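Line by line, the protein sequences give chains B and E. Under my numbering, the first residue of the first sequence is numbered 73, with each subsequent residue one higher. Under my numbering, the first residue of the second sequence is numbered 1182, with each subsequent residue one higher.
Taking lysine-lysine pairs in the BS3-like style, the calculated list, with each CA pair at most 27 Å apart, reads: (1) E:LYS1281 with E:LYS1249; (2) B:LYS127 with E:LYS1281; (3) E:LYS1242 with B:LYS113; (4) E:LYS1286 with B:LYS113; (5) E:LYS1286 with E:LYS1230; (6) E:LYS1281 with B:LYS138; (7) B:LYS127 with B:LYS92; (8) B:LYS136 with E:LYS1286.
Listed next, with one range per pair, are the computed distances between beta-carbon atoms: (9) E:ILE1190 with B:THR154: 31 to 41 Å; (10) B:GLY125 with E:PRO1294: 46 to 56 Å; (11) B:GLY133 with E:ALA1210: 21 to 31 Å; (12) B:THR129 with E:SER1184: 14 to 24 Å; (13) B:THR152 with E:ILE1192: 31 to 41 Å; (14) B:ASP137 with E:GLY1234: 36 to 46 Å; (15) E:GLN1226 with B:PRO158: 28 to 38 Å.
Derived from the structure by calculation, the hints contain no laboratory data. Since the structure is predicted, the reported quantities are computational estimates derived from the model, not experimental observations. The beta carbon of each residue, even a glycine, is placed where N, CA and C say it ideally should be.
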Amino acid sequence: GAVVSQHPSWVICKSGTSVKIECRSLDFQATTMFWYRQFPKQSLMLMATSNEGSKATYEQGVEKDKFLINHASLTLSTLTVTSAHPEDSSFYICSASTHGNTEAFFGQGTRLTVV
Amino acid sequence: AQSVTQPDIHITVSEGASLELRCNYSYGATPYLFWYVQSPGQGLQLLLKYFSGDTLVQGIKGFEAEFKRSQSSFNLRKPSVHWSDAAEYFCAVGGNRDDKIIFGKGTRLHILP
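Isolated chain E, as found in the complex:
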């Protein structure tokens, strides 16, 4: 069965510092991987996705993620965070057969001024 693990429930970084949010997945076939961001009381916004090809994926708002098959990971990175990046981040995995997307428990990002 497919699953997603985000080991960090909360992460706090200073504004301007670099960020890495961890994500590990379990999937029986080639996974389709996503990172979403959610502000309080809001829906989800897609940051980036990986389907195939280049394992380093560029997304919106300066985010990138790297797919590492050997580690079953898809970590999200940003070189310099902004106060507006404070939000909840969800990693998700899906597959082509039924398009069902399963979410990790999320990581809440706090930004220190």
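Bound-form chain B, shown alone:
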């Protein structure tokens, strides 16, 4: 099956710094990538949808200036958490799909801890 790689698996950063998370589709071209956030023992909340070469579409309540998403190629999307604060600590998961294929393939997630 299709493989999506997310990097890093975990990261600890200081409050006020920015953190970049990468999501790569290894063996297929991902026209669409999704970014989710998961709080402990809760469900996945969709943050944004990004299509290659265009601006991301953010869900209501998600700060686009806080969570910068770039989808510059068909195999890579990045999520940058800017000026991170402890409340941004969470599990971030990306998924990728190909246009016309509704199934999305998930990365293994990134555990972000802001201290």
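Chain B is fixed; fit chain E onto it per the hints.
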């Protein structure tokens, strides 16, 4: 707007017993339905999916799910659970137009020895 309801937050069953996890959805068109499993600190693994055709879908690890349009349900079943099935299970719904997948809140499955 699309939504998914998993009414059971926790379910506990004995090893070897049968399992049914409930899922109800709301979607304006023909839904695409999924069940995912997540172990602690891990990503998601697709168990099975329904796009069209036979309403009884077979998945991996011995799981199956039945799509019932009249009840807007897509319940997950397994005839005999194993201790390794203990995990969080998410039902999800999506559509063909924009491929966005929305998740339910999840059901945590506990297995008694």
